[in-house]
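Protein chains in written order, with the UniProt record's numbering: chain U, 1 to 562; chain E, 1 to 170.
The set of hints was computed from the structure by calculation and includes no laboratory data. Please read these numbers as outputs of a predicted model, since none were measured by experiment. Hints may be right or wrong, so weigh each one.
[Stated by the list, open to error] Subject to a maximum C-alpha distance of 30 Å in a straight line, what follows is the list of computed DSSO-like cross-link-like pairs (lysine-lysine):
#, chain 1, residue 1, chain 2, residue 2
1, U, K180, U, K322
2, E, K102, U, K139
3, E, K162, U, K139
4, U, K512, U, K500
5, E, K72, E, K162
6, U, K448, U, K529
7, E, K162, U, K188
8, E, K162, U, K180
9, U, K188, E, K118
10, U, K305, E, K62
[Unchecked claim] Example chain E residues on the side facing chain U (calculated, C-beta under 10 Å, incomplete):
#, residue
11, P13
12, R18
13, G21
14, A24
15, E58
16, Q63
17, R164
Glycine residues also receive a C-beta, built at the ideal position from the N, C-alpha and C atoms.
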Amino acid sequence: MKGAEALLRALEREGVEVIFGHPGGAIMPTYDALYDSPIRHILVRHEQGGVHAATAYARASGRVGVVMATSGPGALNLVTGLADAMMDSTPVVAITGNVPRALIGTDAFQEADVTGVTMPITKHNYLVQDVNEIPRVVKEAFHIAATGRPGPVLIDIPKDVQLAEFTGSFDVRLDLPGYKPTLKGHPKQIERALDALEKAERPVLMVGGGAQHAHAELLAFAEKTGLPVITTLMGLGAFPGNHPLWLGMPGMHGTVAANRAIHHADVILAIGLRFDDRVTGKVSRFAPHAHTIIHVDIDPAEIGKLVRTHIPIVGDSRLVLKELLKGAKALRLAAWWRELEEWRTRYPLRYKPRPHLQSQEVIRAFHEATGGHAIVTTGVGQHQMFAAQFFPVTRPRSFLTSGGLGTMGVGLPFAIGAKIARPEELVIDFDGDGSFQMTLQELATVVKYKLDVKIVILNNGYLGMVRQWQDLFHAKRYSEVYLADSNPDFARLAEAYGIKGVRVERKEDLMKGVEAVLNADGPVVAEFKVYHEEGVFPMIPAGGAAEDMILEPPEEKEEVGA
Amino acid sequence: MRHVISVLVQDHPRVLNRITGLFARRGFNLESLAVGTTHQPGLSRICLVVSGDDRTLEQVEKQLNRLIEVLKVTDHTEPHVERELCLVKVHVAGLEERLAVKDIQEAFRARVVDVAQKSLILELTGDTQKVNSFIEALRPYGILEVMRTGAVAMSRGDRVLKVREKKEAV
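Put together the whole structure using the sequences plus the hints.
Dropping the structure here:
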């Protein structure tokens, strides 16, 4: 058996069913072995599409996503996607070919120092030097990717190692003496946390992406205690977006209720989140009244990194929530809830209706038509925030977006990965005209595998979020954000791929357009021409605090402090 | 504040890269770094001198611990022995200077390890402060070259930096 075959055997033993990838010279022995393997391969048109699809596959399924690429340019095209998976703690294993061992370091054809380049953007990486190490390396890679704080692991395998005769064993043990994630929270700290919550007058529960797998425990704990729940962008769906205890998303484009709740909270229980600057705004002004911050995270390095923490709990959010639940009591929060209710009803997410078609109403129309029952993916920008605001998902693993890295172009490959992970689900990619064009070559992948994904492009003809910042902070100097003069006709572009194209330009055609997308048998690319001067509000400017919240566009402004 | 940190690592290729890369990426201030193998096959020990406030140092320790190949990290806040080795090549023009340098050498308990017509190489072992003073003392005579190893450290007493019995991870 050759190394390549051993690699696939090892992947099979890890339960891998799907690999996203693109072949090339240095990975050809493995692609040759793949020809006889039961593992399904999804051929993407660019390696970046492959790594994003693997990321979404992982996020939608809870399993490890796998991507494969050749050496040099192929592997380097994974860089953005690996960094994205790293920032959003997603378990991905990337397998890359490399030039034969004897050529490493000689600037050989398609050679790049891939383990060097990806060192800071992977949880760990390997350069396999010995064919008999393949089973152990694969086993370790999957273990590291999926356990503790999940993340991407890259395995770089020189071509001659793939071709070498394998004489080793698959019965291998992990050799990771320096890797022992703490899973169980410290009982004393859990007790302290419960005590602090019990004494609190204005407590809030904030959850992030690290609680997606703990949704059942989270729901039980929140309902038992009656705590108001706030979910970050990555936490959307970990708690039902239609639950009366839910206050929405915090941060830059979060709800007034969520941001005010944090601002006035005396005790904050934060679970599986890392206090990103988009959530906190200026850290020194974050949650100024909180005398106790309880931070539950599986990564000890996140605790105390940005926000002072009074009760640190290192552990798996699910196990910690289970323990918290055991001691949880119904809290007396009637007065607090009266305030929260007032903010929530007085400042719901809203937008000023205009004669022109608007992004928010398009997303809302899809939400109503589907009952919110879909997996949503997005690109990055205004449309992403609108989707987070106006498509409140109710189930975990159903809002797939690039949170930490803010990677434009993930929408389509995320939709592909999600559809392959959960083919029975309706998958909608809310995309921007800018974001979509960064990875649109993956329409070919949609066609090749007949993937029924609905791509909804909210075309405002601009890089809308940049334009919004220029509007607010750069005296309307719209530097290099205009796309409409050179955008393609998206519906016709889709048709060129053999995909149904839909175009909606007028407000009165909105429902017809939504129906055309949802009733279509198979994939659709739908272009909704939306109002270009729309801004995402509320907004806390970068480096600001809850008190600096802008509720409406400046010309019609109503600024509302905390 | 200056901190001396010892790190036990698996001596895999690039492990040093991972550590220096981490320091560069997170903006930690690295004053010196020394590395060598240990008596246990497969394990290397690294000594880092880092400056920063308590919060930074907490992050340094935690971020080092995140690295898969790092087995143990300790910040030497307890009584410990700290040494570095330094070679200084100093210019000596005539007999008078040679004698003066010899006085300094004796005062610091340094050794002469090379003698040439116009220069000497002196070897000194000591903590960083002693090495600094030694260099300052020689400076008036004309230092030609300095090579320092960076600090290495070890806790005093029976405390030992070691890995707990290798537990089999699941």
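Quick rundown of the hints versus the structure:
At most 30 Å may separate the alpha-carbon atoms for a hinted pair to count; K180/U and K322/U meet this at roughly 21 Å. Taking the CA atoms of K102/E and K139/U, the gap is near 61 Å; set against the 30 Å cutoff, the hint is violated. Our distance criterion of 30 Å between C-alpha atoms is met by K162/E and K139/U, whose separation comes to about 26 Å. Using a Cα cut-off of 30 Å, the hinted pair K512/U and K500/U holds, with the two alpha carbons roughly 15 Å apart.
Distance restraint check for K72/E and K162/E: the Cα-Cα separation of roughly 7 Å lies within the 30 Å cut-off, and the hinted pair is therefore satisfied. Restraint check: the Cα-Cα separation between K448/U and K529/U comes to about 28 Å, which is no more than 30 Å; the hinted pair holds. With a C-alpha separation of about 28 Å, the suggested pair K162/E and K188/U falls inside the 30 Å cut-off, and the hint holds. Distance hint between K162/E and K180/U is fulfilled; the C-alpha atoms sit about 16 Å from each other, no more than 30 Å.
Under the criterion of a C-alpha separation no larger than 30 Å, the hint pairing K188/U with K118/E is inconsistent with the structure, at around 69 Å. Under the criterion of a C-alpha separation no larger than 30 Å, the hint pairing K305/U with K62/E is consistent with the structure, at around 10 Å. The closest approach between the C-beta of P13/E and any C-beta of chain U is roughly 7 Å, which is under the 10 Å cut-off, so the hint is satisfied. Here the hint on R18/E is kept, as its CB sits about 6 Å from the closest CB of chain U, short of 10 Å.
Checking G21/E against chain U by beta carbon gives a least distance of about 6 Å; that is within 10 Å, so the hint holds. Given hint, A24/E at the interface with chain U, holds; its Cβ is 9 Å from that chain's nearest Cβ, closer than 10 Å. Annotation: interface hint on E58/E holds; nearest CB of chain U at approximately 6 Å, less than 10 Å. At about 6 Å, the closest approach between the beta carbon of Q63/E and any beta carbon in chain U falls short of 10 Å, and the interface hint on this residue holds.
For R164/E, the shortest C-beta to C-beta distance to chain U is roughly 9 Å, which falls under 10 Å, so the interface hint holds.
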